Amino acid sequence: MLFGAKSGGYSQCKTNLPPLFQKFQHLTAGFDPNGSSHHGITPIALVLGMHDDRFLSLFLRHERSLAAFARSMLPDWEAVDDVIQDASIVMWRKLDSLERDEDFLKWSFVIVRMETLKYRRGKARDRVMLSEGLVEKLASEAEDDCDERAMTFRSKALSACLDSFPASDQQLLLAPYVSRGSVTELASAAGTSANALYKKLGRLRLRLHQCIESRIRVGGEGA
Amino acid sequence: MNVNETEDERLLLLIERFYLNDLTSEELRQLELALDGNRKLRDRFRAAAVIDAGLRFRTSEEVAEKPLVQASVSRQGWFRWAMIGLAATFLIGLLSLRSFIGSSNHVSPQVASSGPTTDEPEVSPIAVDSLRPDGSIAEFVIRNELVLKGPVTADGSLSPGDYEVTKGEGTLRLNNGVELTLQSPAKFRLVDKQRIEWTLGRARAYVPPEGHGFRVITPQGEIEDLGTEFGFLVAEDQTSEVHVFAGEVRLLNDGQPPQQYQEDTAVKLVSGERRVLDATAAASFVTRGQIGFKRWLATSRALRNDPSAILYYDFSPDPSDPERLMDQSANSLIDGQIAGGIVVSGRWPQKSALLFDDRGDRIELSIPGQYDFITLLAWIQVTRFDLPMQTLFNTVDYDPGEHHLNLLRDGVMRVGIREGYTSNASKRPLLTGRWTQLAVVITPDTARYYVDGESVLTVVREDKLPIVFGDCSIGAFGKTKVSKSGVKTVGFHRELRGRIDEFAIFSRAFTSDEISRLFEAGNNSGW
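As they're listed, the protein sequences go chains A and B. Residue 1 is where the first sequence starts when you use the working numbering, and the numbers rise one by one after that. Residue 1001 is where the second sequence starts when you use the working numbering, and the numbers rise one by one after that.
These are calculated hints, taken from the structure and not from any lab test. If you're wondering where the values come from, they're calculated on a predicted model, not measured in any experiment. Accuracy of the hints is not assured; some may be wrong.
[As the list claims (entries may be wrong)] Not close to chain A: a few residues of chain B, all C-beta gaps over 12 Å, as computed:
id	residue
1	Glu1016
2	Phe1045
3	Lys1187
4	Glu1210
[Claimed, not checked] Distance windows between CB atoms, simulated:
id	chain 1	residue 1	chain 2	residue 2	range
5	A	Ser97	B	Gly1491	47 to 55 Å
6	B	Gly1177	A	Ser193	23 to 31 Å
7	A	Ser97	B	Glu1032	28 to 36 Å
8	B	Glu1419	A	Ser159	13 to 21 Å
9	B	Leu1033	A	Phe165	28 to 36 Å
10	A	Gly133	B	Glu1236	19 to 27 Å
11	B	Gly1255	A	Ser193	45 to 53 Å
12	A	Leu174	B	Leu1033	30 to 38 Å
Glycine included, every Cβ here is placed at the ideal spot set by N, Cα and C.
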């Protein structure tokens, strides 16, 4: 068998894109990354249209709310990442069915809910999860209460409250999201056990919650 | 603080610990009960989710502010890219969108269902006679056509109680790490994680240090482990035997002093008497590995008979033609030509494989036709990454619509379709020395890549080209050079160093669940 008789394999189609661009290279197939693009338009713009523009804008505006919604129904962030990724592809493909941008959050909640239920059914044997009945209840109530302004306000209150905490408490509050071992490392550095630190973390989160509720109440009265 | 306030605080703490993944299953049930009947608590639960998301995004923002080279690669990567997108230009924002699509772990079910699929057969179901809520002390880590009667919990775990194996075989792992590989027929009572009463049948016990002192109680006496691997059986006439394969056991039976027996000793217990047998009968006690091989074999038969199978190689040698790799699919049309490689053992001692360890070692094949849906499955064990790029399966010419599957030096899959995309599945590089399942599922909309049943890359296809193959090679890939005198020679610049023992291509899109089940069925972990 003669190799490369026509094209020589990969060697003629490889690109020299910088790493960030290489990550999305599959979307830029067909343009020459080393040469100039047609009519001076950025190559990325050639392959992305208004559809993407609209979706990106809506998704980025609401991704935190979507993630929170999914988190309330799923056992951990790994599962949330999987579900949001799947849901985002569905949203992207079905965006044309959304008439008004104002309805995006509610519309996307339904998609996330469906993807969550699918994920749960696929993983039910492997993971400890809340019951499907409870998840349905939580989802329905979240969809009913879906209020973009309230969520934005809660996010701002969170930032303000977090900033008001001592730096060491902020570090502990954020540690579980930095890496799996972060809390253990902090515990080791502080000469205490991870269990003890998790207890402290639970109490700190309660204080954070109280601070946020307090700010929301004050904000509500002010309005 | 009154009792109710204390209870409220406990529930609020449970909510926070839920989001910290710090709940026991019992605490989760308590929280679930409380949430189910209390709307206010559910509101609080959802509010806590918003805070949890806020904290996580805050972390992402802080990471995004640091130089990119310092950002750790993790499953949260797309979140971080998205946050970079928020803070940077719209162009970068567009890239952020693509980052989570491009690095998606799973194709959306809508996309996945766009291709024709077939119903999957149930893999070795356990017959559940009754369910118990909790308190399980053991679970089956591998099973083959096992039918078990007894108090199995909803998730397939075993609680203390009486059990009967009426069909099949499996390995039961107790909470202390003790593994019992048993086969039908068998009857036993799980007393606790240190004791089991065995009334019928045979099993092989492997006892790690954590399980030392584990006891098997037979009608004729007790076998106490002293750090070992042993087989035991109780016959219909209630006589018992113990076969010590490694380490030491102690026998305790009425009317006789305890006696220790060491490696390579077998003893029969009849009416309270101990009779030392001539030899152990290791072969009559099934091992976990043997069960794994049988389970794979059953799955393999189903795969080769799948109507969508384009080709299926199990790498069993053809005695009549050592250079032929037989296509075992029902269609049996695409035999491979073995051009180098050595026949060795595969995932199990009973299974053969080809070892590629020399220059140009490969299998050549030619696949006609064009396809909208493709699934490619392979099991390989890479021994070394010698070159910048090694090839698992490439078409020779790489014409439009042809797919390439290579491995970079760091074990990352580098894949692409000519005039479609090129991408790296960097989420999960392959490790040397480890049998690994690779799978590729291509539809007109997406291409999904899996390592060991886990989705590691999803590419949204814009090209829509039908997939074509033509002349292909598994293993070494190179270029043909023509000398001035017209002599053609092939220079191999991509090689594969390792074993391969299963390779198949289908003309339908397998679901993620199918890929995952096939991984479970083909995984050779365990002895």
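Verification of the hints:
1. Not every CB of chain A is more than 12 Å from the CB of Glu1016 of chain B (nearest about 4 Å), against its label as outside the interface.
2. The claim that Phe1045 of chain B lies off the interface is violated: its Cβ sits roughly 6 Å from the closest Cβ of chain A, which falls inside the 12 Å cut-off.
3. The Cβ of Lys1187 of chain B lies farther than 12 Å from every Cβ of chain A, with a closest approach of about 27 Å, so its non-interface assignment holds.
4. The beta carbon of Glu1210 of chain B sits about 21 Å from the closest Cβ of chain A, which is more than 12 Å, so the claim that it is off the interface holds.
5. Roughly 53 Å separates the CB atoms of Ser97 of chain A and Gly1491 of chain B, a value that falls within the hinted 47 to 55 Å.
6. Our hint of 23 to 31 Å for Gly1177 of chain B and Ser193 of chain A holds, since their Cβ atoms are close to 24 Å apart.
7. Range check, Ser97 of chain A to Glu1032 of chain B: about 35 Å between beta-carbon atoms, so the 28 to 36 Å window is met.
8. Checked against the hint of 13 to 21 Å, the pair Glu1419 of chain B and Ser159 of chain A fails, with Cβ atoms roughly 47 Å apart.
9. Distance hint check: the CB atoms of Leu1033 of chain B and Phe165 of chain A are about 32 Å apart, consistent with the given range 28 to 36 Å.
10. The hinted window of 19 to 27 Å between Gly133 of chain A and Glu1236 of chain B is violated, with their beta carbons roughly 48 Å apart.
11. At about 51 Å, the CB distance of Gly1255 of chain B to Ser193 of chain A agrees with the hint of 45 to 53 Å.
12. The given range of 30 to 38 Å is respected by Leu174 of chain A and Leu1033 of chain B, whose C-beta atoms sit roughly 31 Å from each other.
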